[in-house]
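Could you build the full structure based on these sequences and the hints that come with them?
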Amino acid sequence: MTSFGAKEIKEGNFMPTFKVQGQVYRRIGNLMAGDHQNPSFFQVNFMGDDHREKDIRCGIYPGIKPELISQLQKSLHEHNKYIMDFKAAIDSVPKDQKRV
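Numbering (numbering that gives the first Met the number 0), first residue to last: 0 to 99.
In case anyone wonders, no lab produced these hints; they're calculated from the structure. All the pointers check out, no bait thrown in.
Beta-carbon label-pair distances, calculated as ranges:
#1 Tyr81 with Cys57: 19 to 25 angstroms
#2 Asp90 with Arg51: 14 to 20 angstroms
#3 Lys9 with Ser39: 27 to 33 angstroms
#4 Gly33 with Asp84: 20 to 26 angstroms
#5 Pro93 with Gly62: 39 to 45 angstroms
#6 Pro65 with Ala32: 20 to 26 angstroms
#7 Ala87 with Ile59: 24 to 30 angstroms
#8 Glu77 with Glu10: 41 to 47 angstroms
#9 Asn12 with Ser74: 38 to 44 angstroms
#10 Lys6 with Pro65: 38 to 44 angstroms
#11 Ala32 with Lys6: 26 to 32 angstroms
#12 Glu7 with Asn37: 32 to 38 angstroms
List of simulated lysine-lysine pairs, DSBU-like, C-alpha gap at most 35 angstroms:
#13 Lys6 with Lys80
#14 Lys86 with Lys64
#15 Lys86 with Lys73
#16 Lys64 with Lys53
#17 Lys73 with Lys53
#18 Lys64 with Lys80
#19 Lys86 with Lys53
#20 Lys6 with Lys86
#21 Lys53 with Lys80
Beta carbons are placed, not taken as given, at the ideal position from N, Cα and C, and that holds for glycine.
This is the structure:
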């Protein structure tokens, strides 16, 4: 969903961790995939087509059990607060005003 970025990375000879100095900003991509683009990462949750969501996820991870993905997706859509909040925000915008 999000990622961190840094202007300067200092590596030392100690445990591989990172230090945050100053303000932490999160980089987040578009909520919806653009025209003629396949959804990726968090965008897959907002496609509105459970079968296509499952197919995309199974395509990313070959050998995964499709029935397990379906169960996990259902649980995420029903219980994950972030997904529910984003879906509510998307649904509150009239269709003719949605732009990517």
